[in-house]
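Could you build all of it, start to finish, from the sequences and the hints given here?
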Amino acid sequence: MGRDDKVGKSNQAKSLPQTPKNQKISPNDMKEEVAREFLELRKSKKNKK
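Position 3 of the sequence shown, counted from 1, bears residue number 3 in the working numbering, the numbering being contiguous throughout.
In short, the hints are calculated from the structure, not lab data.
Note that beta-carbon positions come from the ideal geometry of N, C-alpha and C, so glycine has one too.
Be careful, since some hints might not be right.
As the list claims (entries may be wrong) - As a list, the in silico DSS-like pairs of lysine-lysine whose alpha-carbon atoms are at most 30 Å apart: (1) LYS21 x LYS31; (2) LYS31 x LYS45; (3) LYS46 x LYS21; (4) LYS45 x LYS24; (5) LYS31 x LYS43; (6) LYS24 x LYS43; (7) LYS31 x LYS46.
What the hints assert, rightly or not - Label-pair distances were calculated between CB atoms; the ranges are: (8) LYS24 x SER44: 24 to 30 Å; (9) ASN28 x LYS48: 20 to 26 Å; (10) LEU39 x THR19: 23 to 29 Å; (11) ASN22 x LYS43: 25 to 31 Å; (12) GLN18 x GLU40: 22 to 28 Å.
Next up, the structure:
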């Protein structure tokens, strides 16, 4: 029949749908990755001046 329109908790809270396993990162590593990206942006702004 149709799709299930269930609204509720998922048993796979840590999984990301349609994301390849080699591209997934743990939540603990997320802060470190974001900090590296901000550092790269700062460096690129300084080089433009």
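Item checked: Hints the structure fails to honour -> 3, 9
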